[in-house]
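Can you make the complete structure from the sequences, with help from the hints?
What follows is each chain in one-letter form.
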Amino acid sequence: MVKTIQVRELISKNIKSTKNKYVDKLMPYIFFVAASISIITTIGIVYTLIFDGLKFFREVPLREIFSTRLAPLASNPSFGILPIINGTIITSIIAMCVAIPIGLSTAIYLSEYASDKVRKKIKPLVEVLAGIPTIVYGFFAYSFVTPLLMTIIPDLGAKNALSPGIVMGIMITPLVASLSEDAMNSVPNEMREGALALGSTKLEVTFKVVIPAAISGIIASFVLGISRAVGETMIVVIGSGSSKNFTFDITQSMQTMTAYIVEFTSGDAGSGTLGYYSLYAVGLLLFVFTLLMNLLAQYISRKYREEY
Amino acid sequence: MININKNNNERNIVFDVKELNLWYGNDKALKDLNFGIKQNDVTAIIGPSGCGKSTFIKTLNRLIELIPSVRIEGEVLYNGTNIFDTSRSVEELRSGVGMVFQKPNPFPKSIFENVVYGPKIHGLRDKRKLLELAEISLKRAALWDEVKDRMNDNAYELSGGQQQRLCLARALSMEPDVLLMDEPTSALDPIATAKIEELIMELKKEYTIVIVTHSMQQAARISDETAFFLLGELIETGNTNEIFTNPRDKRTEDYITGRFG
Amino acid sequence: MSIESIDSREPHFPKMYMSKGNFNRRILLDKIARKLFLSATLLALLVLGVLIFRISSQSIGWLNIKFLTSNLSIFPEKAGIYGVILGSLWLMLIVAPITLIIGVSTAIYLEEYASKGKVREFIRINISNLAGVPSVIFGLLGLTVFGRLFNLGSSILAGGLTMSLLVLPIVVVASQEAIRAVPNFLRDASYAMGATKWVTMRTVILPVALPGILTGSILALSRAIGETAPLVVLGIPTLILKIPTGIMDDFTALPIQIYYWTLDTVLVPEYINLAAATIIVLLVVLFLMNTTAILIRNKFQRRY
Chain A
38 MVKTIQVREL ISKNIKSTKN KYVDKLMPYI FFVAASISII TTIGIVYTLI
88 FDGLKFFREV PLREIFSTRL APLASNPSFG ILPIINGTII TSIIAMCVAI
138 PIGLSTAIYL SEYASDKVRK KIKPLVEVLA GIPTIVYGFF AYSFVTPLLM
188 TIIPDLGAKN ALSPGIVMGI MITPLVASLS EDAMNSVPNE MREGALALGS
238 TKLEVTFKVV IPAAISGIIA SFVLGISRAV GETMIVVIGS GSSKNFTFDI
288 TQSMQTMTAY IVEFTSGDAG SGTLGYYSLY AVGLLLFVFT LLMNLLAQYI
338 SRKYREEY
Chain B
7 MININKNNNE RNIVFDVKEL NLWYGNDKAL KDLNFGIKQN DVTAIIGPSG
57 CGKSTFIKTL NRLIELIPSV RIEGEVLYNG TNIFDTSRSV EELRSGVGMV
107 FQKPNPFPKS IFENVVYGPK IHGLRDKRKL LELAEISLKR AALWDEVKDR
157 MNDNAYELSG GQQQRLCLAR ALSMEPDVLL MDEPTSALDP IATAKIEELI
207 MELKKEYTIV IVTHSMQQAA RISDETAFFL LGELIETGNT NEIFTNPRDK
257 RTEDYITGRF G
Chain C
646 MSIESIDSRE PHFPKMYMSK GNFNRRILLD KIARKLFLSA TLLALLVLGV
696 LIFRISSQSI GWLNIKFLTS NLSIFPEKAG IYGVILGSLW LMLIVAPITL
746 IIGVSTAIYL EEYASKGKVR EFIRINISNL AGVPSVIFGL LGLTVFGRLF
796 NLGSSILAGG LTMSLLVLPI VVVASQEAIR AVPNFLRDAS YAMGATKWVT
846 MRTVILPVAL PGILTGSILA LSRAIGETAP LVVLGIPTLI LKIPTGIMDD
896 FTALPIQIYY WTLDTVLVPE YINLAAATII VLLVVLFLMN TTAILIRNKF
946 QRRY
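Residue numbers (my numbering), protein chains in the order written: chain A, 38 to 345; chain B, 7 to 267; chain C, 646 to 949.
Worth double-checking, as some hints may not be accurate.
Computed list of lysine-lysine pairs in BS3-like fashion (alpha-carbon distance at most 25 Å, straight line) [what the hints assert, rightly or not]:
no.: 1; chain 1: A; residue 1: 160; chain 2: C; residue 2: 944
no.: 2; chain 1: A; residue 1: 157; chain 2: C; residue 2: 842
no.: 3; chain 1: C; residue 1: 944; chain 2: A; residue 2: 158
no.: 4; chain 1: C; residue 1: 676; chain 2: A; residue 2: 157
no.: 5; chain 1: A; residue 1: 245; chain 2: C; residue 2: 676
no.: 6; chain 1: C; residue 1: 842; chain 2: B; residue 2: 109
no.: 7; chain 1: C; residue 1: 676; chain 2: A; residue 2: 154
no.: 8; chain 1: A; residue 1: 160; chain 2: C; residue 2: 676
no.: 9; chain 1: B; residue 1: 135; chain 2: B; residue 2: 109
no.: 10; chain 1: B; residue 1: 145; chain 2: B; residue 2: 115
no.: 11; chain 1: A; residue 1: 92; chain 2: A; residue 2: 245
no.: 12; chain 1: A; residue 1: 62; chain 2: B; residue 2: 126
To be clear, the hints were calculated from the coordinates, so they are not data collected in a lab.
Here it is in structure tokens:
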């Protein structure tokens, strides 16, 4: 008889005990409660924005909302939303004018031209850009880029749309670069080799083979970039100021939707005033817009995944 | 533990499989199995890839149910009670039925923690008993001499063969009645394989062993009983010698003589 | 084989396309493009370099031990960020445990318990969309729910809870990936020993997934420590001279202080140097956190 310590008899009570079973049955519920917090957060956001936002939309006529006069604190207040939508769009366009060429070039360089060794050195550095807090970018736009641009454009205001737009573009560049690079990397090498074997240069392969194959991933990265630009707050708050003029002059101050929210919450607009509710209305627009952009990006990139 | 004379034909049936059917989604993987596994035998399950041998052995400890699409009909009596009976916990079944897998799968923990994992999670806290148990189990798996001075090393520092014996020791630590082995040597080199086979010969004195193997030589070398599976059906079962020398079914003969598979 | 020989064997091949001049032009174009792509990449890195160099030089003479150990003041020469650093630390003290517990639990639910069905898909889509909601919106949520409804005002608790919701998706996604990376053969081994699902989770899966979970959590914290907009929306007061001692106290944090000092440079020009010095502190903290995350990831690289 081989030596044994009758281990299962020692622990038989535990194996059969229902205690373990209860814990095991209870845990999924605990985890579910945790998982539902993310859903509650979404519901909370939507509910808050709609509940208080509706109070604004009920009070203010549509014709006023879609006007260009925004003066929430004037003696005869007006809540025209077009100036801040205009500010948001203009700063975002400037940002994308920077982020798309630089981001896509970086993606092409890293994915098609750089050796593994170079890629391993450059990629983490590009990602550092993504890790820098936006407040730092805001400071940089205000204290460095704006004065620098002033030497070229003497009429540039201390607060303007151009400088924060450019800096926001730099901030978004790593996002565009890394998502586009992912898309280009997932293009099978056989496709490249096929074209290279016919005597194409890398440039031709990139533009005639790789980019067409990766186009939906690349576009998804642009869409996400736009969504990020629209939702970005601190850079435009600091760099672009709070002028509520409806203008297309990028050398002048203009307020974005995010900056409007920041100005109002940190100001003295008391709860219950129309100005206070306008925050939620602007928040709602911002939420819906970024949500649509994110869903669009997901839809586009899912479509491209099916291609291989 | 009851010691039973090996030559007694009236030995207990440990697993009695009755009308067992198993589906993966809509694909039927096991078809009307009827089959008894006798105590203290080494029962080898042979057959070509995809014949359901792995599915079958994993059904015996209900590990197959981890795959969500699995549906089972029929009965498997283990020491007289149906393992699918809802009043019996799957944990209790598995603590009496040890398993060794195709690929060595120690936990990324120390050698000691690996061996005593089972008893520990089932509530054995006594450090002295655990140490004693680790020694007994490792000795049975013929690993003690190689690891006794490095019990706190990570299990992944061992060689593949040593890892597999560690997994065997881990299964043995629960002092199970049955050992299920799912192609335990398929990932090992010939020397490590020989060592495991030697161990199986040693262990069959105390345990009922069910072993899935893709190697007919291995089945012939170590098993008492052999069952031949083909496309989810049990074609033939019986004494290993008889099956290998005088198969009743043409398909068994074809497989054994290497005509397919 | 030379180009000409192909040409002679295939007389119908367009001569112009295969001519040597055309080839040279294409190769030249390729070379120029390569340089352009490289310069664009380097341009982004140049901006990074200028940013760090410029802000560092602005902080010289201001960033010293006295700056780190003294309290806020409206006089630039006297001002220090001791209380501000403590504010950020207090904030992390709230965010770290909340996001870790809820984030990991959510990940466990999604990866191990939820059946592959609509609920799981719904939660997954919800989390990926939450990750894309602008941080200023989280500020509005925090202001309305934590600040006003729960009456937490602009306390550390209100800020911490708001920030936790903001970075929760990062922890969830990182934990999910870490749990998914645990090989199935370890689960099998544990279940075969008679372990229940929760025991398997606790004794095998979580320990193996822990480095990945920690890496993700540190990255989430580093996002939270630099995030400004939600705190500004919560209405953090502009100048706090009191050092926070509990979670119900008002506070200010590194990014907030940078913001207010930057805004007020119009009034006191030296504030720009204070802001720069605070940025350097923030960047050093972020650098240390990211380095820790990378070290953890490298140290616990899987051996199987």
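_Violated constraints from the hint list, given by number and in increasing order_ = Checked against the structure, the hints that fail are numbers 2, 9 and 11, while the rest are satisfied.
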